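Using the sequences and the hints, build the whole thing.
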Amino acid sequence: MNPPKLLVQGVTKVYHDGRRSLETLLPIDLALATGEFVSIIGPSGCGKSTLFNIIAGVEKASSGTIAIDGNASEVRAGKAGYMPQQPLLLPWRTVEENVMLGLDIRHTPRKKAQQEAHELLKRFGLADFSQNYPGTLSGGMRQRVALLRTVLFNHDFLLLDEPFGALDALTRLSSQMWLLDLWQEFHSSVLFITHDVREAILLSDRIYVLSARPGRILRIVEVELPRPRQPEQLAWEQSVQLEQQLVTLLLKEQGS
Amino acid sequence: MKLRWVAGYGPAFVLAVALLAFWELYVRSGQVNPAVLPSPTAIIQALIDNWDVISVHTLQTLLETVLGMAAATLLGLLLAVLLDISSWTRRAIYPLLVTSQTIPMIALAPLLLIWFGFDLGPKVIVVTLYCFFPIAVACADGLASADPELMKLLRSMRASRWQALWLVRLPGAMPAFFSGLRIAATYSVTGAIFGEYVGAYQGLGIYMQTSANSHAIILVFAAILVTAVLSLLLFGLVSLIERIALPWYHAAVARV
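As you go down the protein sequences, you meet chains A and B in turn. Quick note: the first sequence uses my numbering, first residue 1, plus one each step. Quick note: the second sequence uses my numbering, first residue 1, plus one each step.
Worth flagging that the hints you see were computed from the coordinates, not collected in a lab. Quick caveat: nothing in here was measured; it's all calculated off a predicted structure. Misleading hints may appear alongside valid ones.
Short, incomplete list of chain A residues facing chain B, as computed with Cβ under 7 Å [said to hold, decoys possible]:
no.	residue
1	PRO91
2	LEU126
3	ALA127
4	PHE129
5	TYR133
Just so you have them, the derived chain A footprint on chain B, three or more residues with Cβ under 8 Å [claimed, not checked]:
no.	region
6	142–154
7	166–176
8	236–249
Backbone N, C-alpha and C define an ideal beta-carbon position, used for all residues, glycine too.
The following block contains the structure:
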């Protein structure tokens with residue numbers, strides 16, 4: 001049997017600020033099978049992004065192990081396509097050149113990188129914008145470009161940190177369906193952070209609910225809705241019930 | 001576009017014309033000896049009459065200025081990158097950089113003459129010393145202003161320090177670099193003239209000095225006029241290069 005895409009065991013994080021120390025993550029266990037779509041929801045400031053930075057290899061865990069494809073090496077950077085909350089597009093690069101950034105860093109020959117970026121933009125409906133600068137794009141478009149940049153760097157394993165958090169409801173919904181399309185195309189394994197319960201239900205196979213800081217896993221929920229997912233499914237009885245449960249749980253955690 | 005241009009420069013143009021008209025009338029009314037304060041029209045006439053001589057000196061000054069600016073740009077960029085490499089290099093270099101600007105040029109210029117002679121060299125050095133500082137400081141600030149989230153993204157893609165510098169930080173620092181370059185451009189001609197004033201075979205600075213010594217005040221004014229026009233042209237040239245080099249920046253600024 002293949003090892004899971006990602007196995008997080010007993011990962012903690014403590015920040016030290018002079019004599020004070022701040023516990024951000026209590027031991028976290030988490031698994032993501034190959035091709036799975038798993039979401040993490042939790043109140044704001046619960047350490048979701050910290051966990052992500054640790055998995056992406058840009059921050060160190062205080063303890064615990066993380067294995068990607070069964071490999072528990074300390075050097076994890078480059079093994080996941082990591083997308084932070086802001087799109088962080090480079091304003092001096094065109095859309096196509098932004099999507100190519102990861103390949104440039106890997107020294108992929110320019111011609112080949114251009115071709116791959118072009119095909120990806122065409123497949124996911126952004127070909128018309130490929131020569132635009134990001135400054136001319138809407139928020140939703142920028143987020144899609146950032147996602148394609150992430151996918152072109154590594155489409156096996158995606159770490160997406162609230163990619164649609166700043167979008168209006170309608171743009172968010174169309175972006176979510178667009179993401180599902182992309183996920184099915186590449187059979188990616190996705191770990192997805194959100195604070196939006198409906199978003200988590202619509203997209204995920206499984207949802208981890210994190211507590212307020214210090215973050216620990218409160219509950220793990222399997223989402224049994226059939227694939228391919230459609231927005232209507234959110235109105236189904238089981239979705240509404242699940243949403244109610246999760247919202248109640250999160251409200252209690254937020255302490256308000 | 002045209003209207004906006006008029007709105008932008010119109011008031012400055014009107015004020016300048018008014019001041020010149022006042023000056024002209026004041027001299028013509030006989031309140032002051034025209035040999036001591038010549039009128040603007042007389043200055044332009046003198047400039048035309050002596051253009052064959054003045055043009056030779058202008059070319060010399062222009063050559064020194066352009067060479068000095070080129071050297072200052074290279075030095076400024078190099079220092080900015082050195083300042084940015086680590087906090088250690090910043091702490092080592094920054095105080096020296098600031099101290100270098102406290103040395104009075106009026107004391108240094110004659111020494112340069114003694115060390116390097118009456119030729120081009122010392123003038124180019126004076127221009128460089130005048131101009132590298134704003135370029136280095138502006139560019140270092142631009143490099144330091146790179147978004148930390150963006151740096152995190154690059155680390156997650158396993159970009160090396162040099163890749164981060166070359167692909168992200170330097171291009172991102174270009175608007176700041178050009179701000180520094182514009183300031184330097186306005187200083188540069190004055191720097192060259194100062195260098196010549198101390199001792200030279202040719203150039204507007206030495207021309208001004210010999211004219212003043214022979215009480216040809218009108219020729220001093222003619223040389224000042226050329227200096228001003230030269231400085232404005234250089235400023236305009238830098239702005240033009242910036243527009244061509246950073247199309248994305250102006251597209252973004254125009255929209256705001």
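Hints, verified against the model:
no. : hint    : in the structure
1   : PRO91   : 5 Å, holds
2   : LEU126  : 18 Å, violated
3   : ALA127  : 20 Å, violated
4   : PHE129  : 14 Å, violated
5   : TYR133  : 5 Å, holds
6   : 142–154 : holds (count 6)
7   : 166–176 : holds (count 5)
8   : 236–249 : holds (count 4)
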